[in-house]
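Residue numbers (my numbering), protein chains in the order written: chain A, 2 to 116; chain B, 2 to 117.
Everything labelled a hint here was simulated from the structure, so no lab data went into it. Certain hints may be false.
Stated by the list, open to error - For lysine-lysine, the following BS3-like pairs were computed, each having C-alpha atoms within a straight-line distance of at most 25 Å:
(1) K45(B) with K72(A)
(2) K69(A) with K15(B)
(3) K45(B) with K6(A)
(4) K10(B) with K6(A)
What the hints assert, rightly or not - A few chain B residues that don't get close to chain A, going by computed Cβ distances all over 10 Å:
(5) P9
(6) K15
(7) G17
(8) S19
(9) T21
(10) T25
(11) D27
(12) G41
(13) T72
(14) E80
(15) L81
(16) A83
(17) Q86
(18) L106
(19) L114
Cβ coordinates follow ideal geometry from the N, Cα and C atoms, glycine included.
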Amino acid sequence: QQQVKQSPQSLIVQKGGISIINCAYENTAFDYFPWYQQFPGKGPALLIAIRPDVSEKKEGRFTISFNKSAKQFSLHIMDSQPGDSATYFCAASPGRKDSNYQLIWGAGTKLIIKP
Amino acid sequence: NAGVTQTPKFRILKIGQSMTLQCTQDMNHNYMYWYRQDPGMGLKLIYYSVGAGITDKGEVPNGYNVSRSTTEDFPLRLELAAPSQTSVYFCASSQGQGASDTGELFFGEGSRLTVL
Chain A
2 QQQVKQSPQS LIVQKGGISI INCAYENTAF DYFPWYQQFP GKGPALLIAI RPDVSEKKEG
62 RFTISFNKSA KQFSLHIMDS QPGDSATYFC AASPGRKDSN YQLIWGAGTK LIIKP
Chain B
2 NAGVTQTPKF RILKIGQSMT LQCTQDMNHN YMYWYRQDPG MGLKLIYYSV GAGITDKGEV
62 PNGYNVSRST TEDFPLRLEL AAPSQTSVYF CASSQGQGAS DTGELFFGEG SRLTVL
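Same shape as in the complex, but just chain A:
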């Protein structure tokens, strides 16, 4: 119940295409769903996050889609660019109610954008 399953493990997309990464969870107590981006040799950095009171959140070319009934959420990268090549992690946590933000992390997706 504490797992977050992320797919695919790796993804190759042509420049200008749409990159889609999916995550699924089981714990209905989760109410905070961030995506982190990690470049080689660096620590992860928050990209975008969503709470289940909305079904979609968009920031520039990055969109989170959230399906509460299916317990799934996904990251869409529109007009993918070579600079988007990185490893992406989804995560989930009970949020403020649990007070500690103990995130449960997906295994990561290595995204390569081909020029």
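Given chain A, put chain B in place with the hints provided.
What follows is chain B alone, placed relative to chain A:
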């Protein structure tokens, strides 16, 4: 503003040796965390701290110890290093509870440890 700083960036240890990974943050964050990252496994929480003098175990605490004597510093101690502790270690911090807390974690650049 340096954010979260980890040292060393790289270290090779022999089996049975001990060492301390240093972590300091200058954002006056209440919460600090130690994660390990293994290929294809995501990030696993080792220990966390919600404030100076308060620490608690995460998902994979065995073989590690922490202390939090100040708000800024959160060192991770490895006792009797084993090959299974070969990993990349990340320290992170977050503001913690409060009206302005977004839940965002701020990570250091990592410490790559190899145990031979």
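Each hint, compared with the structure:
Straight-line distance between C-alpha atoms of K45(B) and K72(A) comes to about 22 Å, which keeps the hinted pair within the 25 Å bound. Of the supplied pair hints, the one linking K69(A) and K15(B) is violated, its CA atoms being roughly 48 Å apart against a limit of 25 Å. Between K45(B) and K6(A) the alpha-carbon distance is near 14 Å, which keeps this suggested pair within the 25 Å criterion. Distance check on the hinted pair: K10(B) and K6(A) sit about 30 Å apart at the alpha-carbon level, beyond 25 Å; violated.
Chain A leaves P9(B) outside its interface by the beta-carbon criterion, the shortest separation being 14 Å against a cut-off of 10 Å. A cut-off of 10 Å between C-beta atoms confirms that K15(B) is not in contact with chain A; the least separation is 25 Å. For G17(B), the shortest C-beta to C-beta distance to chain A comes to about 29 Å, beyond the 10 Å cut-off, and the non-interface label holds. For S19(B), the shortest C-beta to C-beta distance to chain A comes to about 24 Å, beyond the 10 Å cut-off, and the non-interface label holds.
With a closest Cβ-Cβ approach of about 19 Å to chain A, T21(B) is found to remain outside the 10 Å limit, as its non-interface label requires. No beta-carbon of chain A is positioned within 10 Å of the beta-carbon of T25(B); the least distance is around 14 Å. The Cβ of D27(B) lies farther than 10 Å from every Cβ of chain A, with a closest approach of about 15 Å, so its non-interface assignment holds. The claim that G41(B) lies off the interface is violated: its Cβ sits roughly 6 Å from the closest Cβ of chain A, which falls inside the 10 Å cut-off.
Distance check for T72(B) against chain A: the nearest CB is about 17 Å away, which clears 10 Å, and the non-interface claim stands. Taking the minimum C-beta to C-beta distance to chain A, about 24 Å, the non-interface status of E80(B) holds against the 10 Å cut. Interface exclusion of L81(B) from chain A stands, the closest Cβ pair being 27 Å apart, more than 10 Å. Distance check on A83(B): its Cβ is at least 23 Å (rounded) from any Cβ of chain A, clearing the 10 Å threshold; non-interface status holds.
Residue-level check passed: Q86(B) sits 19 Å from the nearest beta carbon of chain A, beyond 10 Å. The claim that L106(B) is not at the interface with chain A is violated, since a C-beta of that chain comes within 10 Å of its own (minimum 7 Å). The claim that L114(B) lies off the interface holds: its Cβ sits roughly 15 Å from the closest Cβ of chain A, which is beyond the 10 Å cut-off.
Of the numbered hints listed earlier, those contradicted by the structure are 2, 4, 12, 18.
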